[in-house]
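Please put together the full structure from these sequences, using the hints given.
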Amino acid sequence: MGVVTVRRVMGIETEYGLLGVGNPAANPMVMSAQLITAYANEGMPGSARARWDYQDEDPLRDARGFRLDRAEADPSLLTDDPQRPAPEGDLHRVTLRRRPGPQPEPATVANVILPNGARYYVDHAHPEYSSPEVTTPRDAVLWDRAGEQVLLRSSRLLAQIAGMPEIALYKNNTDGKGASYGTHENYLVERAVPFEDIVAALTPFLVTRPVICGAGRVGRGQRSEAGGYQLSQRADFIEAEVGLETTLRRPIINTRDEPHAESSRYRRLHVIVGDANQLEVSTYLKVGTTALLLWLLERRGLPMELAALRLADPVRAAQEVSHDLTLTRRLDLEDGRRMTALEIQRTYCEVLTEAVQHAAGGEAAAPDPAAEQTADVLARWADVLTRLGDDPASCAREVEWVAKLRVLEAMRRRDGLGWDAPRLAALDLQWSDLRPERSIYSRLVAADAVERLVSEDEVAAAVLHPPQDTRAYFRGEAVRRYPGAVAAASWDAIIFDIDGAPALQRVPMTDPLRGTRAHVGELLDAHPDPGTLLATLTARPPGPQT
Amino acid sequence: MSPRQFDQRHPHPRPDDDSAPPPAGSGAQARDTEVDSLLEEIDDVLETNAESFVRGFVQKGGQ
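As you go down the protein sequences, you meet chains R and P in turn. When the letters of the first sequence are read in order and numbered with the numbering used here, they come out as residues 1 to 546. When the letters of the second sequence are read in order and numbered with the numbering used here, they come out as residues 1 to 63.
Be aware that one or more of the hints could be misleading.
[As the list claims (entries may be wrong)] Not everything, but these chain P residues come out facing chain R in the computed CB check (under 8 Å):
(1) 35
(2) 38
(3) 41
(4) 42
(5) 45
(6) 50
(7) 51
(8) 54
(9) 56
(10) 57
(11) 58
(12) 60
(13) 62
(14) 63
Since the hints were derived computationally from the structure, they do not count as laboratory data. Where is the CB? At the ideal position from N, CA and C, for every residue including glycine.
Now the structure itself:
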């Protein structure tokens, strides 16, 4: 691996909007469980129906170093088992757990681990797909698209079952009536980076990032109180600068700090302000540019030029950026300067381009997909920023808010519509409908009006198979290869239930870059039987991470 | 609709690209023609009763 790289452990979690077809009043929690149950029963034949293991989840841990008292937490934050506040486990050893007594097979499944290493579950009132851990922006795009196929197939399978509803799914972030649901990016970051530097570097970056990757939205204000269009689905729901909560008073920088990895080495940066994207280049630039900025903070610290971009009022600026279709509005900086979102993004792009060139030095460019993508992300970023300045409409193949605005404006022009016309709001919603026959985005794909980065064949393979270069490989392969023997799994452990063994055996996967195909591929091939696999693992510590 | 190869993406060719950088406006006109034909396909899939569809699209809040 070269020194210059977008390579980073990351993943995207998406809560999907859902609607009962012909029955908009149908209960979303029930429908979410129906979708996941249908997929668990019919969508992954041969794979284990392993449940999610909550032992290491701790959503109340705060990156600033303190822990929210459980009694003070909003109930919606308690995504782990409220009865059991995540104990610290042994990081390296296979441990034993008492096997629970025989339990009836549950009628509905709220939580399932997919053979591609993803987690698919009911989160509040939405079905959520948490992608497997990937290491490059392109793989983030690929396994994000795989999630769409998992959701779409769930609704197709469900509709075939007598008495079950037809459910439409939407990859967006708001209903335009006050409700928002998230698309969260997760980045593993070295804990040595001071959290203040992350806040300082990320805040102006995330506030202005929608110019390159916002999904676009019809309506302004949380309840679309004002007509019009804006760059971002999420901006009007941002209400704080820094904070732990994700469901109310949503912050620009979320401090949830469950690294799902060795917490002495890593934190997990949980970015909650981004939009769900249909355009692949938008997702690619979204995670690629963010990963590069984190690389800079880890390698070089916070450069002066970026520290100087501190905004006077970041929350207000987030809305100003999103509401300014001309990209010319100037934001107040704390030092008195006034800069446009494009100028701020250009500063980040220039600083990172220079840092990457400097770090590359005279190093021969070894063929490395991460290094190629680093160069590609920087080139595209600079190119998109230039064209957004000269002629924003020229970015309609790559930048989602531009692509959506283009068809909305055309419809407005043709039909003489004002921004409050229901047809425009319907177009916005249907933009992200997962059903190809109803999706506006699919019309653009069919007309070759948007750029694609991954092929349909690659997406189909990513539904069934995990990334090969993270621990998601071991998780996904275990679920696929040992269907009867995986009792439960989480991001950082798999619990095996081996016939004849006196107890459950928990295999930790503390390091996200272990358990890869290179590490365990041969071992898995050598052990079609899970019993001998576990015997081998326990015979040579530390677990599968050798 | 074959996806572009990952390593062949630069520069970004568009059907309406002129060789010289066009003044803002002329490229935009070509794009308008392209999008107008797209609109006809969009008409075919758009909910016929847009108003009731939009009114019925109510979600619970999430993260």
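Checking each numbered hint in turn, tell me which of them this model violates, lowest number first.
The structure breaks none of the hints.
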